[in-house]
Amino acid sequence: MQKKIDVGPVGYMPQSAPMMGVELSPEGKALLYGNVVSEDEAMRDAAKALLTMQNPTIFPGPMVLWDWKDDVADKSAAILELASEIPNCKIIPMPDYRPKYPKIDVKAEINPNHPNLTILDNKIKACVFIGVHCHYANLTLRMIRAGTDCYTVAMCAEMGHEEAMASIRDVHASDVLKFRDILVEVRKELGIEHTATMPPENPSLPKEDWGDLTPADYGEYRSLIMSRKGEHVAEVE
Amino acid sequence: MSLDKTLLSMDELLKLPREKHFITGAQAMSEAVKRSSTDMAIAYPITPQSEVMHLVGDIFAQGHIKEYYRAEEELGTMSAIAGAARGGVRMFTATSGPGLLRGLEAIVSWPGHRIPCVLGVLTRVINAPLSIQPDNLEMAYLMHSGIVMLHAENQQDTFDFTLAAFAITEKVDVYIPVSVSTEGFFVTHAKGYVEMMDEKYAFEECDPYKAPVPAMDNEVPPARIQRDAPVQKSNFMSYLIHSVWQQEIWDSNQRAMKYMYQYIDGPIEVQNPGSDVMLVASGCAAAQAREAHRYAQEEGLSVGFVKVKCIRPWPTDEIREALKTAKTVIVPEHNIVGWLCKEIKGCIPNGGIVLEGPRVYGGMTLPVELIMTEIYNALGMDSLVLQA
Amino acid sequence: MSLRYMVPASKFKRYLPKDYVELVDYGPFGKDYSEVGVKNMGTFKELVEEHPMCSGCWMAYYIKIIFAALPNPENTVTIGTAGCGRLAISQAAVPFIYGNYGDQNAMASGITRAFRLRFPDIQKDVITIAGDGGMMDIGFSMTMHAWFRRERFTTIMLDNEVYGNTGGQESGMSIEGAVLKMSPKGKNFGKMPAMQLAITAGCVYVVKMSPTNINKAAKAIRRAIFAARKLGPTFIHVYTSCNIEYSIPTPDVFRDAKEMEKGRFAFEEFMTPEAKELFAVVESKKKREVS
Numbered sequence: 001m002q003k004k005i006d007v008g009p010v011g012y013m014p015q016s017a018p019m020m021g022v023e024l025s026p027e028g029k030a031l032l033y034g035n036v037v038s039e040d041e042a043m044r045d046a047a048k049a050l051l052t053m054q055n056p057t058i059f060p061g062p063m064v065l066w067d068w069k070d071d072v073a074d075k076s077a078a079i080l081e082l083a084s085e086i087p088n089c090k091i092i093p094m095p096d097y098r099p100k101y102p103k104i105d106v107k108a109e110i111n112p113n114h115p116n117l118t119i120l121d122n123k124i125k126a127c128v129f130i131g132v133h134c135h136y137a138n139l140t141l142r143m144i145r146a147g148t149d150c151y152t153v154a155m156c157a158e159m160g161h162e163e164a165m166a167s168i169r170d171v172h173a174s175d176v177l178k179f180r181d182i183l184v185e186v187r188k189e190l191g192i193e194h195t196a197t198m199p200p201e202n203p204s205l206p207k208e209d210w211g212d213l214t215p216a217d218y219g220e221y222r223s224l225i226m227s228r229k230g231e232h233v234a235e236v237e
Numbered sequence: 001m002s003l004d005k006t007l008l009s010m011d012e013l014l015k016l017p018r019e020k021h022f023i024t025g026a027q028a029m030s031e032a033v034k035r036s037s038t039d040m041a042i043a044y045p046i047t048p049q050s051e052v053m054h055l056v057g058d059i060f061a062q063g064h065i066k067e068y069y070r071a072e073e074e075l076g077t078m079s080a081i082a083g084a085a086r087g088g089v090r091m092f093t094a095t096s097g098p099g100l101l102r103g104l105e106a107i108v109s110w111p112g113h114r115i116p117c118v119l120g121v122l123t124r125v126i127n128a129p130l131s132i133q134p135d136n137l138e139m140a141y142l143m144h145s146g147i148v149m150l151h152a153e154n155q156q157d158t159f160d161f162t163l164a165a166f167a168i169t170e171k172v173d174v175y176i177p178v179s180v181s182t183e184g185f186f187v188t189h190a191k192g193y194v195e196m197m198d199e200k201y202a203f204e205e206c207d208p209y210k211a212p213v214p215a216m217d218n219e220v221p222p223a224r225i226q227r228d229a230p231v232q233k234s235n236f237m238s239y240l241i242h243s244v245w246q247q248e249i250w251d252s253n254q255r256a257m258k259y260m261y262q263y264i265d266g267p268i269e270v271q272n273p274g275s276d277v278m279l280v281a282s283g284c285a286a287a288q289a290r291e292a293h294r295y296a297q298e299e300g301l302s303v304g305f306v307k308v309k310c311i312r313p314w315p316t317d318e319i320r321e322a323l324k325t326a327k328t329v330i331v332p333e334h335n336i337v338g339w340l341c342k343e344i345k346g347c348i349p350n351g352g353i354v355l356e357g358p359r360v361y362g363g364m365t366l367p368v369e370l371i372m373t374e375i376y377n378a379l380g381m382d383s384l385v386l387q388a
Numbered sequence: 001m002s003l004r005y006m007v008p009a010s011k012f013k014r015y016l017p018k019d020y021v022e023l024v025d026y027g028p029f030g031k032d033y034s035e036v037g038v039k040n041m042g043t044f045k046e047l048v049e050e051h052p053m054c055s056g057c058w059m060a061y062y063i064k065i066i067f068a069a070l071p072n073p074e075n076t077v078t079i080g081t082a083g084c085g086r087l088a089i090s091q092a093a094v095p096f097i098y099g100n101y102g103d104q105n106a107m108a109s110g111i112t113r114a115f116r117l118r119f120p121d122i123q124k125d126v127i128t129i130a131g132d133g134g135m136m137d138i139g140f141s142m143t144m145h146a147w148f149r150r151e152r153f154t155t156i157m158l159d160n161e162v163y164g165n166t167g168g169q170e171s172g173m174s175i176e177g178a179v180l181k182m183s184p185k186g187k188n189f190g191k192m193p194a195m196q197l198a199i200t201a202g203c204v205y206v207v208k209m210s211p212t213n214i215n216k217a218a219k220a221i222r223r224a225i226f227a228a229r230k231l232g233p234t235f236i237h238v239y240t241s242c243n244i245e246y247s248i249p250t251p252d253v254f255r256d257a258k259e260m261e262k263g264r265f266a267f268e269e270f271m272t273p274e275a276k277e278l279f280a281v282v283e284s285k286k287k288r289e290v291s
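Residue numbers (this note's numbering), protein chains in the order written: chain A, 1 to 237; chain B, 1 to 388; chain C, 1 to 291.
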C-alpha cells in the first residue's frame, strides 16, 4: 500500500492531508494511511501499532468524558475495556479546547492548541483519539503528524479524519468493542501475553502536600501572603 | 415550525416533482428559504438586495421561519448571525455590494469561527461614485475568506443553489458559511421560469449537535469552552495552531466539492468540450455566454461553453479537463478586475490562452455581440464584416 | 438537562485532571447562592482562578466577582471582545464567545433569540462583558441598538478610561485633559455619558459604580441579570482601573477605587418601576426558586 500520509514528523509547515488529495472514506469504510480500506484492515493495523509501539495512549475528548448524552455510559465503558486490553496503556483526557493559563500539565491532559507537548513529553508513539469534536481533532492530528513520530488512530462519531494514520468513522460503543476484539486477536497473533488491566488514574489526582510550604516558596511574591516577621506559615490555601 | 410541513433530507427534497413558476430572482431566493426550515433571518436594507429580505420578512409573518428582525446595519447583522449560529439555529441573510463590504469584518471571520449559515449576495457596484447597478466586483473580496461561494446564472439557479446551500453549510466536514451570489437587478428584479417543489415540503431541521464544534448552548461539553481560541501569544505554538486552523478552513472548503456533485450537478457545466474557443463564465455572464455559444453553433464555429457554478471551492481539476484542448479561452465578466479570468489563468498550465475579457461594469449590460466579436477575433475572422 | 454536560461520565472521573473534578465536586454549579456566592469566595472552587492579568489589576478582581455572583452559572454564556478583560474571562469555566471588534452586543442579540427559540422553557443568561473602548467606541452602534431593540441580556462595561490592551490610548471614556497615547496634548472632550445613554436607550436597570464593596457589586450584577431575563436590557458601568497605564502602584489600587467612588464613579442606580417590583419579589425569595 502506498502511504499517502504517514507517521511524522513531517516538518515545520506540513501540507494538510486533504490538500494532498486524501478524501474521507465513504460509509462503511475506513482510512488507512490516507487510503480507503475496510474497517477490519484499518483496525488491524491500528491494533498492531498500539500493541507494538511505545507508550500507547487513549485520548478521550469532551464528548465521552462528560455524561451529556445517553450513549456516553456505554461508550466510555467500551473505551475502558479497550484500554484494559492494551499492555501499558494510559488514558490522558482532552477535557477542554481553549488554551489554558498558565499552562497545561502534560502528564495529566492534552490540549488541541498544542497537543505535541503531551505527546513528546510522554514519549507516546501510538495513540487513539475518541470523543473530540472534528474541528479540534483535525487540528490536533495535523500538529501531531507535523511535529512528532506518533501513530494516530481517530475513532470518530461522524465522518472520520484524513490526518490520522487510521481513521474509523461512525463509531458507536459497539465499534469500540469490535476494535477491542480485533486488538485481542492481533495480540495473540503477535504472541504478547497480557491480562486485562485498568490504566492508572490521572496523575494530577493525588492530593498535593502543602505541609512544609514556607513563604520562601513564593519567591518574589512572598510579600503578597503578608506573613509577619518570625511567623511560620504552615497552612496556605 | 407552526405550519404543518413534511421534513425531508436534501436528497429526498430534490427528487420531488416540481411545478413551473414565473418569478423574480428575489422571489426564487425567498422561495428557497421558505423550504429550508430556517430558524432565524436578520435583515438590513440595501438595493438591490432589499427585495429578498422583504420577501423573507413576509414568509416569517406567514410562519415559515421562526424569528426575523431588522438589524442596525450590516456589521450588526453579520455579528448577530455569528451569535445566533453559535446558539445552534439555522440562519439566513442577504446583502449587496457596499453592505457586503460593511459586514465583511464579520463575514470573513465566519469560516474561522465555524459559523454555518447561508448568505445571499445580490451583486452591486461597490466603488465610488455611488451606484446601485449590478457589477460583481464584491465577490472578489469573498474569494479569499474561506467561505463557500456559489454563483447563480438565473432565477432557477438562485432557487436551486440557495436550497442546496442550506444542506452544504451544515455538513459536519464543511460547516462553514455558503454564499449564493447572483447579479442584482438582472436576476433579482427580472422574472424567469423556476421549477419548484411544493412548499409543504421542507429541508429537515438544524441539528446543532451534528457539528465539528460544540454549540455554545450550555448543553454540550466541555464547560470551559471558548470555541475560538485567542492564540495571541508570540511563540511558535500559537503560530502553529493558527496555521493549522487556517488549513482546516480551506480543507473544509475543499470538502464541499463532493456536495456540488450531490446537490447542484457538479461545480461546472460543459458544452462542446474540445472546441478551439472555450467561453468560460459564471453568474449572469454565463447566460450571455450561453447565448453567444448558441449563435456560434448556428454559425458552425468551433466554440464550447463552460459555466462555473461554484467559485469556492475552485474546481481546478474540472476546469483543466474542460479546457485541455482549447486554443483560446474567453471569459466574459461583470467586473473590471476580471477575477474569474485570473482564476482560470492561474489554474491551467497554459494560462496564456486566456483572453482578458470582454468585461462590463458599472451597471453596463453584456451584449452577446461583445462576446461574438472576441470569438471572431480568436478564430481569425473579420468581425466587422461578419456583423455587417 | 443542563447540569449533565458538566458531570463527568462515571467511568472517566478517575481519569480527569484534578481541577475538572473539583469544578464539579466543589464548584458552584447547581448549588445555592448562599453557599457559593461572593460571600463564600475562597471556600469553594471558583469559576475563574488563574489568569494572566497584571499584578494588582482591579479589572481581574471585578471579573472574579462577576463569576461568583452569577445566579445560574451552569446556564450562562458570556461574550466579550478584544481587550484585557477577555484574558481573564476566557479562563472561566463558563462558555465564552470572543468574536470580532466591538460586536458583543450584536452577537448577544442573536444568541439570546436563538436560545429562546430552542429552549423556551429554560432560562439561559447571556452577559456581555467588554471594556470602554469595545462598548462605547468601536461597538457603540451595536451596543446602543441592542438596547433600543430591548434585547434581553446584561451588558457590563469594564471602564478603565483607556485602551489598556493596545498600549494606553485615549478612549471615549477617558476624562477631558487626560494625556494618553493618541491624545498627546490631552483629550479635548469629556467622558461619554454612558449611564444616561443607557437609560435613554431603554435599559430597565442601570448602575454606575466603583466596586469597592463586593456584596454591593454582586447585588448589582444579580439584579441586572434578573431584570434582563424578564424585562429588557440592563447595563452596569463599573470602574476597573488600569494600574499600568495610569501608573497606580499596586498597594494604592484599592485607595484609588475608593476615591473614584467619591468622585465620578459615585454609586448611581436606575431602575424602572417594573424592575423595582421584580427585585422586591426576587430578593424576598431564595435564589433557586427564581432561577
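Honestly, I wouldn't trust all of these hints.
Simulated crosslink set (DSS-like; lysine-lysine; CA at most 30 Å straight-line) [stated by the list, open to error]:
id, chain 1, residue 1, chain 2, residue 2
1, C, Lys276, A, Lys69
2, C, Lys276, A, Lys100
3, C, Lys64, A, Lys178
4, A, Lys29, B, Lys345
5, B, Lys345, A, Lys4
6, A, Lys90, C, Lys18
7, A, Lys100, C, Lys18
8, A, Lys29, B, Lys210
9, A, Lys178, B, Lys210
10, C, Lys230, A, Lys107
11, C, Lys181, A, Lys107
12, C, Lys230, C, Lys276
13, A, Lys103, C, Lys276
Coverage of chain C stretches by chain B, computed from C-beta distances (three or more under 8 Å per stretch; other residues unrestricted) [claimed, not checked]:
id, stretch
14, 100-110
15, 228-237
No lab work stands behind these hints, which were simulated from the structure alone.
By construction, the Cβ of each residue, glycine as well, lies at the ideal position given by its N, Cα and C atoms.
> Which numbered hints does this structure break?
Replying inline: The structure conflicts with hints 1, 2, 3, 4, 10, 11, 13, 15, although it agrees with all the remaining ones.
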